[in-house]
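Guided by the hints, dock chain G onto chain E, whose structure is given.
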Amino acid sequence: MDNENKPSAAARRQFLADTARMACGVGLLGLGVGLYSRHAQAFPPAAIRPPGALPEAEFSAACIRCGMCVRDCPFNILHLAKPEEPMSTGTPYFVARQLPCEMCEDIPCVKACPTGALDHSLKDINKSKMGLAVLVDHETCLNFLGLRCDICYRVCPVIDKAITLDPQSNARTGKHTLFIPVVHSDHCTGCGKCEKACPTEIASIKVLPLYMAKGQLSSHYRLGWVEKEKAGGSLVAPEVEHKYNMPEGMQYEHGKGLSGNPGAVPPAPTPAQPATLPKALQGSRL
Amino acid sequence: MSPTLAPSPARPGADAVAAKGWRAAHKWLILRRSSQIGILLLFLAGPWFGVWIVKGNLNFSYTLNFLPLTDPYVILQSLAARQMPEKLALIGAAIVLLLYLLVGGRSYCAWVCPVNLLTDLAYWLRVRLGIKGSAHISRPTRYWVLAMTLVVAALTGSIAWEMVNPVSMTHRGLLFGIGLAWAVLLAVFLFDLFVMRHGWCGHLCPVGAFYSLVGKLSVARIRLPARAACNDCMDCFAVCPEPQVIRPALKAIAGTPPLILEANCTNCGRCIDVCSKDVFAFGTRFKTRVAPVAGVPQAAPK
Chain E
1 MDNENKPSAA ARRQFLADTA RMACGVGLLG LGVGLYSRHA QAFPPAAIRP PGALPEAEFS
61 AACIRCGMCV RDCPFNILHL AKPEEPMSTG TPYFVARQLP CEMCEDIPCV KACPTGALDH
121 SLKDINKSKM GLAVLVDHET CLNFLGLRCD ICYRVCPVID KAITLDPQSN ARTGKHTLFI
181 PVVHSDHCTG CGKCEKACPT EIASIKVLPL YMAKGQLSSH YRLGWVEKEK AGGSLVAPEV
241 EHKYNMPEGM QYEHGKGLSG NPGAVPPAPT PAQPATLPKA LQGSRL
Chain G
1 MSPTLAPSPA RPGADAVAAK GWRAAHKWLI LRRSSQIGIL LLFLAGPWFG VWIVKGNLNF
61 SYTLNFLPLT DPYVILQSLA ARQMPEKLAL IGAAIVLLLY LLVGGRSYCA WVCPVNLLTD
121 LAYWLRVRLG IKGSAHISRP TRYWVLAMTL VVAALTGSIA WEMVNPVSMT HRGLLFGIGL
181 AWAVLLAVFL FDLFVMRHGW CGHLCPVGAF YSLVGKLSVA RIRLPARAAC NDCMDCFAVC
241 PEPQVIRPAL KAIAGTPPLI LEANCTNCGR CIDVCSKDVF AFGTRFKTRV APVAGVPQAA
301 PK
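Chains E and G are the protein sequences, given in the same order.
1 is the number of the first residue of the first sequence in the numbering used here; add one for each residue after it.
1 is the number of the first residue of the second sequence in the numbering used here; add one for each residue after it.
FYI, nobody ran anything at the bench for these hints, they're computed from the structure.
Glycine included, each C-beta is placed from N, C-alpha and C at the ideal position.
Treat the hints with care, since some could be wrong.
[As the list claims (entries may be wrong)] Subject to a maximum C-alpha distance of 20 Å in a straight line, what follows is the list of computed SDA-like cross-link-like pairs (lysine to any residue):
1) E:LYS111 with G:GLY177
2) E:LYS82 with G:GLY255
3) E:LYS82 with G:LYS87
4) E:LYS111 with G:ILE53
[Said to hold, decoys possible] Between beta-carbon pairs, the in silico distance windows are:
5) G:LEU180 with E:ARG12: 43 to 49 Å
6) E:GLY27 with G:ARG139: 15 to 21 Å
7) G:ILE95 with E:ARG12: 39 to 45 Å
8) E:GLN98 with G:GLY133: 47 to 53 Å
9) G:ALA94 with E:ARG148: 57 to 63 Å
10) E:PRO167 with G:LEU44: 54 to 60 Å
11) E:LEU210 with G:LEU102: 18 to 24 Å
12) G:THR284 with E:LEU31: 39 to 45 Å
13) G:LEU44 with E:GLU201: 38 to 44 Å
Excised from the complex, chain E in its bound form:
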């Protein structure tokens, strides 16, 4: 028994040592891979995923890096990330400033995806949310400077919905109008046409990932005018006509202005009180 046990104990010790060595070595490698992959999930803002892409956390689990979307894009705008690029190796993206999405009606890239990393439930390209255009630089946007550039507005595939031109008075000249491009997030698909077309040296309007571009109201916020419309009337107290505190005989009506006879009843002047200095100051030379 002893003779049989001794080698098996040594073997067991050897086995445990080997196992520990292996687990540590491979575990170290795994730690490296895991940390590297976490870093790469901080997706660079200039890179935009194809239409229908799942949120980044799910995308990196669903995309098998096959490049089918790249192949089926008729405009060849998509690339697969190379290992040195700061995102998950082999995942698809495009750069709007180089080549924006042409928003094909049949969305071939989504159809080509075998795993659903590009969500097959996206049937209308106008509903895609690749990102959100943001007029990032008011100092360089030509329309902000008073010109009628309007290029972003004109090239937008969802013209007059995703980007509108809102007139504002030009305070600098005092007599002109600024046509301010305003992006509306409910219609913007993030295709990047505006960023591509922006004529400033570096684009003044840029497509950013939604998580960067979009704010969110706190859940308890209510917009008074929206709530009022929903309820069909004011939700607070019954509306009372506002009374202006006016001199006797004078009325003020909103929209009409002052009315009444100011000369008729001049308010009786109360006898002026002699100005009294505070006691502490009386008699002192100021």
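Showing chain G alone in chain E's frame:
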């Protein structure tokens, strides 16, 4: 690795060339290289010549807009990261699993994988340059790496291994632009050349480890219909990328039938080529029930 398995100074296969002629002694090697390069060319025909027979890459490909083929290993990682793929990818994975259940799991390594071309070159150079010595890591390390990739996928919720996987990186790089992936390839090549004999494919690669698990049940096998004729020249051990798989079947250790059942045999067929005595042949695992285990010297090779 015991020193007896080290390659003999004489070039393995010299006897076979003398006995069978050059072509017969390189038959499976030539077929295998044709398969590896042919599959690569099928993929490259699209981006290079605009002939789109196959789209995609080894992770998922679509042949003639009809046949989906998916790497089941990448799907497994996706599932570990809690994502359910669409039907097309699952059908592709099922087809690939069935295929390798037929032809042998690690046939993928020997007949398809582009990295094998590189590591085979590294091994060939290693022998030619007489580079001796090799770091020791046990061969089952690859199963630890395989498990690690799945654990990391589950923990990070992403297919993390695909960020560094040299196998898919090579293939994707050739088709979609290589970037700095060549540096990873060079690292694998140099590792195999200077640090460890059969280091990547034979010890570490989790893709191979995955396919070896598929291959545990696979049908196509190397048989040894003439193992009694073995003259112990050791040439098969010298060329085999997984020499440990040969010994039990060749030496009938513990009554092993003349059939290589080890999951890590890559079905590369080099042993068939280099054996001057024609000990080896391709066959199926099923014949053992028909032929007596005791070893008929000359069963008909398939």
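These are the hints, each one checked on the structure:
1. E:LYS111 with G:GLY177: violated (23 Å)
2. E:LYS82 with G:GLY255: violated (51 Å)
3. E:LYS82 with G:LYS87: Roughly 28 Å between the alpha carbons, so the hint for E:LYS82 and G:LYS87 is violated.
4. E:LYS111 with G:ILE53: This hinted pair holds, its Cα atoms lying about 18 Å apart.
5. G:LEU180 with E:ARG12: 43 to 49 Å: holds (45 Å)
6. E:GLY27 with G:ARG139: 15 to 21 Å: holds (19 Å)
7. G:ILE95 with E:ARG12: 39 to 45 Å: holds (44 Å)
8. E:GLN98 with G:GLY133: 47 to 53 Å: holds (50 Å)
9. G:ALA94 with E:ARG148: 57 to 63 Å: holds (60 Å)
10. E:PRO167 with G:LEU44: 54 to 60 Å: holds (56 Å)
11. E:LEU210 with G:LEU102: 18 to 24 Å: Distance hint for E:LEU210, G:LEU102 is violated at roughly 47 Å.
12. G:THR284 with E:LEU31: 39 to 45 Å: holds (43 Å)
13. G:LEU44 with E:GLU201: 38 to 44 Å: holds (39 Å)
Comparing the model with each earlier hint shows violations of hints 1, 2, 3, 11; every other hint is respected.
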